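Enquirer: Spelled out from the first residue to the last, the chains are:
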Amino acid sequence: MKITEENYELYLFQYAEGMLSDDERREVEAFLDAHPDIREEFALYDPKLTVVGLPKMKYEGKAALKHNTFALWPVLRYAAAVLLLAAVVAFFLLRNGESTKPNTPVVAENQPQTTDTTSSDETTPAPQQPLQQPIAQIVTKEPTVQTKNTHQTSQHIEQQQLAQTQTENDKLSQPSAQLAESTDTPTQDNELQGFELYTPTPTEVVYTNQLITYSPYVAVMDEDESVSEPSRLENFVINLGPVQAYMEIRNGIAYLKERIGESDGSMLITLFSTKQPKE
Amino acid sequence: MTTHDYNKCVDLWSDDVYRFAYHCHGDVRDCEDAVQEAYAALWKNRDDVRFEKAKSYLLSVAYRQIMKMIRNKMTATRNQQQITSFDTAYSPADNSDLKEVLTLAMGNLPEIQKAILQLRDIDGYSYKDIAEILKISDKQVQVYLYRARLNMRKQLNDNKF
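Sequence order for the protein chains is A and B.
870 is the number of the first residue of the first sequence in my numbering; add one for each residue after it.
2 is the number of the first residue of the second sequence in my numbering; add one for each residue after it.
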């Protein structure tokens, strides 16, 4: 090492603290011999001089320096995050609730008039009343009765007809007897009161594409309006035209249900057999 | 560092930081500001400062704050006040109170020498730790410490202690 007048303080300090090797100590001693003023100054240096005796002091503002262990900001952040999440969830729940609300039932003009012959249909208008509830959209064109599942229905009719032979004959007789007994005012010519044909006005045209399913005995009309499969009721109503026949059967069922509480195809046949077809 | 550890730092070392700042500068208000600045910095950087290094961090910030305040004041005015306080407070015939003598003697030292004396003699930091606190090299620490003790001795000798 090289001791100079610019760096001697460091080496004197290390010399006084015992941090130098023997060679380095000899070098420092040689420097001091060469510089008596520096040696005189170094003689004043006291390595044991300490300030450990300085008076202790007390800081009075400790409370102001401290922070609460319950940190409010993180809690606020979490609370804000929870509230935001709850708002988002509530928004989607309300939105889904509105979307799943059942739509206001539209008075569908093409709604199928499904009538179950075994169930009571209280909404069916009285036979003496004209048709209140349109079963199809009123358009200015030729009335057509379009049906679906024609093949299936025709098969069902065949099965019904094959299965009911003697039973049908019995049914035919029974309803007639019951009907004769239940009617209020039986006439001599078997004309039933309260049963009136629905006569559409010349300007009123009814178009429907619904399957006529009043009973297995109802004729199924295909799109070309020709009779695909004759039925027992056809003989009574086919000359009325498909629309009027439809109306006739509908009113007949309503009449039967009103009078005797039930109706089926055999009853209709009996009912129509007492009526003279309208020309 | 948790909030609990931070509060523990306040209880353990706020007095030492205040004493350190006071013996470096001497102005009570400035020293209180220095302490508050030091703990504010510790709170802000509590995630980066380990509890074991918190005291040296506080002393380092307090020292820089003191030096900043001193540089903003007129050096001549400060020196005049220290010498006056030294002359009026000390009586050569009365040397029974060593603590007061030491305090007065330190008052005339440069701030960095006062800081190093305290850090070495009172707080017991190594040269390396003192260098880290004061942002100087360890050789500079040794040089300043040599000068500080030499000056202290000269003052005591000159005032017939």
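A hint or two may mislead.
[Unchecked claim] 20 Å max Cα-Cα, derived EDC-like pairs, lysine to aspartate or glutamate:
id, chain 1, residue 1, chain 2, residue 2
1, A, LYS917, B, GLU38
2, A, LYS925, B, GLU101
3, B, LYS54, B, ASP31
[Stated by the list, open to error] A few chain A residues that face chain B, going by a derived Cβ cut-off under 7 Å, partial list only:
id, residue
4, TYR877
5, GLU878
6, LEU879
7, LEU901
8, GLU909
9, LEU913
10, LEU918
11, LYS931
12, LEU934
13, VAL957
14, PHE960
15, ARG964
Because the hints were derived from the structure by calculation, they are not lab data.
Because the structure is a prediction, the values reported are computed rather than measured.
Where a beta carbon is used, it is the ideal one built from N, C-alpha and C, also for glycine.
Enquirer: Each hint: holds or not?
Expert: Now for the hints, and whether the structure bears them out:
1. Restraint check: the Cα-Cα separation between LYS917/A and GLU38/B comes to about 34 Å, which exceeds 20 Å; the hinted pair is violated.
2. Among the hinted pairs, LYS925/A with GLU101/B is consistent with the structure: their alpha-carbon atoms are about 11 Å apart, no more than 20 Å.
3. Our distance criterion of 20 Å between C-alpha atoms is broken by LYS54/B and ASP31/B, whose separation comes to about 24 Å.
4. For TYR877/A, the interface hint is violated, the least distance from its beta-carbon to any beta-carbon of chain B being 10 Å, above 7 Å.
5. The beta carbon of GLU878/A comes within 5 Å of a beta carbon in chain B, closer than 7 Å, and the hint placing it at the interface holds.
6. Because the beta carbon of LEU879/A sits about 5 Å from the nearest beta carbon in chain B, less than 7 Å, this interface hint is met.
7. The beta carbon of LEU901/A comes no nearer than 14 Å to any beta carbon in chain B, farther than 7 Å, and the hint placing it at the interface is violated.
8. Because the closest C-beta pair between GLU909/A and chain B is about 12 Å apart, greater than 7 Å, the hint is violated.
9. Below 7 Å, beta-carbon pairs count as interface contacts, and LEU913/A has one with chain B at about 5 Å; its hint therefore holds.
10. Satisfaction of the interface hint for LEU918/A is found here, the shortest Cβ-Cβ separation to chain B being roughly 5 Å, below the 7 Å cut-off.
11. Given the 7 Å rule on beta carbons, the hint for LYS931/A holds: about 5 Å separates it from the nearest Cβ of chain B.
12. Satisfaction of the interface hint for LEU934/A is found here, the shortest Cβ-Cβ separation to chain B being roughly 5 Å, below the 7 Å cut-off.
13. At its closest, the beta carbon of VAL957/A sits 31 Å from a beta carbon of chain B; the interface hint therefore is violated under the 7 Å criterion.
14. Hint on PHE960/A is violated. Least Cβ distance to chain B is approximately 36 Å, over the 7 Å limit.
15. A least Cβ separation of about 42 Å between ARG964/A and chain B goes past the 7 Å threshold, and the interface hint is therefore violated.
Violation of the numbered hints given earlier is confined to hints 1, 3, 4, 7, 8, 13, 14 and 15; the remaining hints are satisfied by the structure.
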